[in-house]
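4 protein chains.
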Amino acid sequence: MQEITWNRTDLIDETAEVVFQSSDRLKENLNDERGIKIEEWQQNRVKITKVEVNAIGEEQVHKKQGTYVTLSIPTLTSEDRHGFSQLQESLTHYLAELHKDISITAESKILVIGLGNKTITPDAIGPYVIDAMHKKQSEHESPEFILYAPGVTAQTGFETSDYVQALTEKIQPELVIIVDALATSGSARLCRTIQLTNTGIQPGGGVGNHRKEISKEVLQVPVSAIGIPTVVEAPILMADAVEAVFQSIAAKISEKDKPSHKLSVTNWTPTTDDLDLSTLEPIFGQWVNWPKEDRRQLFEEVFSAHPERLIVTPKEVDFWLNQFAFLISESLFDWIKNARKTF
Amino acid sequence: MQEITWNRTDLIDETAEVVFQSSDRLKENLNDERGIKIEEWQQNRVKITKVEVNAIGEEQVHKKQGTYVTLSIPTLTSEDRHGFSQLQESLTHYLAELHKDISITAESKILVIGLGNKTITPDAIGPYVIDAMHKKQSEHESPEFILYAPGVTAQTGFETSDYVQALTEKIQPELVIIVDALATSGSARLCRTIQLTNTGIQPGGGVGNHRKEISKEVLQVPVSAIGIPTVVEAPILMADAVEAVFQSIAAKISEKDKPSHKLSVTNWTPTTDDLDLSTLEPIFGQWVNWPKEDRRQLFEEVFSAHPERLIVTPKEVDFWLNQFAFLISESLFDWIKNARKTF
Amino acid sequence: MQEITWNRTDLIDETAEVVFQSSDRLKENLNDERGIKIEEWQQNRVKITKVEVNAIGEEQVHKKQGTYVTLSIPTLTSEDRHGFSQLQESLTHYLAELHKDISITAESKILVIGLGNKTITPDAIGPYVIDAMHKKQSEHESPEFILYAPGVTAQTGFETSDYVQALTEKIQPELVIIVDALATSGSARLCRTIQLTNTGIQPGGGVGNHRKEISKEVLQVPVSAIGIPTVVEAPILMADAVEAVFQSIAAKISEKDKPSHKLSVTNWTPTTDDLDLSTLEPIFGQWVNWPKEDRRQLFEEVFSAHPERLIVTPKEVDFWLNQFAFLISESLFDWIKNARKTF
Amino acid sequence: MQEITWNRTDLIDETAEVVFQSSDRLKENLNDERGIKIEEWQQNRVKITKVEVNAIGEEQVHKKQGTYVTLSIPTLTSEDRHGFSQLQESLTHYLAELHKDISITAESKILVIGLGNKTITPDAIGPYVIDAMHKKQSEHESPEFILYAPGVTAQTGFETSDYVQALTEKIQPELVIIVDALATSGSARLCRTIQLTNTGIQPGGGVGNHRKEISKEVLQVPVSAIGIPTVVEAPILMADAVEAVFQSIAAKISEKDKPSHKLSVTNWTPTTDDLDLSTLEPIFGQWVNWPKEDRRQLFEEVFSAHPERLIVTPKEVDFWLNQFAFLISESLFDWIKNARKTF
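Protein sequence lines, in the order shown, are assigned to chains U, C, Z and Y.
Just so it is clear: in the first sequence, position 80 is 170 by my numbering, and no numbers are missing.
Just so it is clear: in the second sequence, position 102 is 192 by my numbering, and no numbers are missing.
Just so it is clear: in the third sequence, position 22 is 112 by my numbering, and no numbers are missing.
Just so it is clear: in the fourth sequence, position 18 is 108 by my numbering, and no numbers are missing.
Read the hints as simulated data drawn from the structure, not as lab findings.
Because the structure is a prediction, the values reported are computed rather than measured.
The beta-carbon is built from N, C-alpha and C at its ideal position, and this holds for glycine as well.
Fair warning: there could be bad hints in the mix.
To be verified - BS3-like mimics (lysine-lysine), calculated; alpha carbons at most 25 Å apart, straight line:
#1 U:226 to C:208
#2 Y:208 to Z:226
#3 Y:225 to C:225
#4 C:225 to C:199
#5 U:208 to C:431
#6 C:208 to C:225
#7 U:306 to C:260
#8 Y:140 to Y:127
#9 Z:302 to Y:260
#10 Y:127 to Z:208
#11 U:199 to U:302
#12 C:225 to U:208
#13 Z:225 to Z:199
#14 Z:225 to U:226
#15 C:226 to C:427
#16 C:431 to C:226
Stated by the list, open to error - Label pairs and their computed distance ranges (CB to CB):
#17 Z:138 to U:131: 53 to 63 Å
#18 Z:146 to Y:230: 42 to 52 Å
#19 U:372 to Y:191: 56 to 66 Å
#20 Y:165 to C:152: 58 to 68 Å
#21 Y:366 to U:372: 14 to 24 Å
#22 C:262 to U:307: 18 to 28 Å
#23 C:430 to U:133: 53 to 63 Å
#24 Z:138 to U:171: 29 to 39 Å
#25 C:131 to U:262: 43 to 53 Å
#26 Z:169 to U:152: 39 to 49 Å
#27 U:428 to Y:383: 51 to 61 Å
#28 Z:307 to Y:310: 28 to 38 Å
#29 Y:366 to U:366: 23 to 33 Å
Based on the provided sequences and hints, a complete structural model is requested.
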């Protein structure tokens, strides 16, 4: 079987630089030096993070230049109709905002590609969305989208980005939209976040092995991407859990100003303050001072003997993905209906 | 929902001309006048019919010029491992024979397209084959085929033949193979026959609405097609069943030379002899002498009031299709392995 | 494989006696002699037929004593949300009416059994309903129903009625509800009708081989049944289609008072008037005067040579069944919620 | 939604006492004091562990009195036909050995129950096995087993052990066999081990919430269980991974006799030697000396804020489970065929 390389994190707001800047609590709306502009606000229960990366930022954070919108409901549960409905509304809204400069008429062709391997549930959000859209579209008189879920290169025997290019050249669409599963390093975000961006898909992005870039530079037409974080890799989960343990205990210590042998932790929300972890040395040793990346590497070495990659995923991932597939499908059809009216 | 036009029959050996010629029992191997050459033989339990249509024949029988090989086991049952294994062996053999002039090396690209709507079981053989092949191919080191199941135009919003053309232009394969569900007029052949041809797919062919030709003329590369008959339309089944009643009773009468009020029929194998159906007039009336096509039309009018198309299919069609998907997948991988060795 | 015997029709209103009485157009609300009371009315788009069979009727029509409610929308299409919503409302209403003498409290146990073979789509309505109810129930705090889909005897190795009896003896429910696929002889009714009855399931009932009675007499608790007609057997479809041809042509003739060689038929709604079919003899022969049953037998003999049973079913049967599974599930949960409030 | 309590480990050979005893490397075949007898050997690639727990042992290790056979291939991969075939052979062999005192004739009834929730893939091995056996059994003339997959209590609304009791009372089988998913604490064992036991299922056993005992004591007939470990809970994985880090680094240190800042670990096979972890204190702090259980609790507190339970499972768990479902089904049919011959 072909090697599958997993990407550590595909969510822009987990990028070190972005986290760092957010943690400044300065939230200056433009950071000229770094080339990243971060805005965060709340709309009903939806937390919206908008990150704009310019040419300078692209070099600094190694994330492609463009706009990234992250929609999250941290308290979302799998049966939370109200929450899903708010997310859907937000997604429809930001689909319109992100594509406001593309004129959409009844004649416009929009190519939607669902990436991923349908037989591995956490990687299947792309194909699930296309299935949902196929069903809805075949009930309509005239098609709104051109919809394909090609499968992954290991199955099809053909590089997915070349596939998208072949169709784009023939169809000449106004816009290409990619739907894909993302990896996250924060298990609390699994299936609770949607990332929308106009940068397309970069090398190494996605859960599986969709290696080549799919972007405006490659296809000569605008390329957007909708992603849902559905897995954490086991070693990353561990390094982050250990980090969380350190952080939350250090926080306790700094509050109570006294160490304790058996410490209780209240919850696992990564604090962004610069806690002095050195107070933990007596209990947890020197490695509290290691760079997080080094601890991550240690866990990866431990797991490297494992012949099969392990993934961490919500117990009812199949149920979550069906909900998100429906949500994304509905948002896309709602958006296109409105967009066509406008022009 | 978009209108779906079903094709009456896609099996060459159900074409009137072919039936007629077969029924001559002359089995002259070349019929210069008509431009069709028909051969029939048996290999173990597999009945093989090879029809070659030349330019003259194309005009006469309205079937595209080329070679059609039909592999049937009339007594096949859904759990008949022995039968399926013989069919698989035959298919592998005729894949090699039909493509003997195409040089296949390890570098050759072969594009396999599974046509049909995966959500309508009797139309799903194409997608099922691609699923089976995806699974097998992703276990291998290097890909043997390029494999896609695009879905039907009503779902995807894009003409399937244009899709195949887009990929063919990009990939430049040595050969395109189309897998599709076929309609038949003989219910006894449902899921018991494989048709292999080097003519591609013609307008109106297939179970669903794959309307445009996919052929060498269109794509500029050789195009083969593998088809499995999985449905009979209700009006066709009826006209043919009524015909079968007439034929089998007429046969009885001609044997026994006496009419009977309640007639028993032995089985439903269409006899091709010219029985004198007029002996049936007292019991079945003048319509025994109508052209079969007129009776068919009568049943279609009767059914036209029905808002949904009815299909006739084996009770366990899903089980049959899984067997055939596996069989076709295995044959294709076996064939390519041998073909690559040869060159 | 074990023999599967299909039942010709399970819908009470297709029973000869019921059809006959309806066709009287007298619609006398009580027929003392025959022991059947038939009422028919329309509620929005839903046609409701209520048949009450008493002890006399049970002997006459060979349908078990009790109440049968049939809900139909003849113009229902698979995407007709409005129609499905009206059917759901009606089903909820008649569930309440049929069970108004059973006192339902929060402590009441109601056992719901979905009969049928999940791997044969047209037989799968029972398991589909149980799946839908499992999902909904596991989201709730406390269970409303006890829900099982055992599979068919050929799979499980145990007689289904004994299975239901074992559970009933242990659980001691106030009510048992059976959900099952039905056979119909009217293809226009496929997936457009729900039958609700308090008589349970009789020998030979259902699409597959659920042979033994499941009823109050056997289980000592009230037994209701919800059935959806999903298949017509091929020979029955044929006999009925031939009958329909005769009827509609005879109707034309009686109107126009002149025979015609090529007749056109307007639609296939079985007229219940006693048309003089003898006028058809010149064209269709003596068999127009055969009892319908004899023609049916002739078609069965023709098909008997066929190793696999053929079924006639709507092209998108899987889609229909998902809709009905949801509808029945919702109706049952709505009904129980209201019923519990009342007591 | 109802709370689901996961069991830490259901594999007898992960029980502390068993591990401890094994680690003695004494492998005395009978330990009178502790009441546990452990044997381990290799058959081809299959590692077989046989643990016999007597009344004394039941008190000591809190595992039910009886025989536990564990079959493992640590190097098994998902496409390893050879390995699966060896496991199948072993399972068939130990099914015969474990049941050698039960006389099986053609009249014997054996009830097989597949526990678990079919919609949560890692919990679905029970239903998958029943599906596979249903299919095979319905192809046979006479049933070998009585086969049911009831679903979980949260879905069905009825306690699963009462369900099994209801059927057992009615059927009066010679033997009940339970198939279930297990939790493990060793991620390397995920989907690489089969546990066979004649003790039935104990409270808290299984992946989901099958809480009540299903055993000979409850049902009055012998009860065996076949289990496959398919998940590790995230906190357990972490505590064990941290333990593994400590163990493997301590091992290195004891070899090299010098600490190092950035340590490399070779693999993750739990060493059972009593390493002196205190040498790790400088790097990893005091918690290296905590009882493993305390570290586990710390990680559970960290994860307790997470609204949804996370599970760790192989990436292609669905594929693994299909292989095991087939393997178990084949073993059971092979065993019964031989068992019936013998008597």
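For each hint, the structure was consulted:
no.	hint	result
1	U:226 to C:208	15 Å, holds
2	Y:208 to Z:226	15 Å, holds
3	Y:225 to C:225	22 Å, holds
4	C:225 to C:199	19 Å, holds
5	U:208 to C:431	33 Å, violated
6	C:208 to C:225	17 Å, holds
7	U:306 to C:260	19 Å, holds
8	Y:140 to Y:127	8 Å, holds
9	Z:302 to Y:260	16 Å, holds
10	Y:127 to Z:208	45 Å, violated
11	U:199 to U:302	24 Å, holds
12	C:225 to U:208	11 Å, holds
13	Z:225 to Z:199	19 Å, holds
14	Z:225 to U:226	23 Å, holds
15	C:226 to C:427	13 Å, holds
16	C:431 to C:226	19 Å, holds
17	Z:138 to U:131: 53 to 63 Å	54 Å, holds
18	Z:146 to Y:230: 42 to 52 Å	45 Å, holds
19	U:372 to Y:191: 56 to 66 Å	59 Å, holds
20	Y:165 to C:152: 58 to 68 Å	60 Å, holds
21	Y:366 to U:372: 14 to 24 Å	19 Å, holds
22	C:262 to U:307: 18 to 28 Å	24 Å, holds
23	C:430 to U:133: 53 to 63 Å	58 Å, holds
24	Z:138 to U:171: 29 to 39 Å	32 Å, holds
25	C:131 to U:262: 43 to 53 Å	51 Å, holds
26	Z:169 to U:152: 39 to 49 Å	47 Å, holds
27	U:428 to Y:383: 51 to 61 Å	57 Å, holds
28	Z:307 to Y:310: 28 to 38 Å	30 Å, holds
29	Y:366 to U:366: 23 to 33 Å	30 Å, holds
Checked against the numbered hints above, the structure violates hints 5 and 10; every other hint is satisfied.
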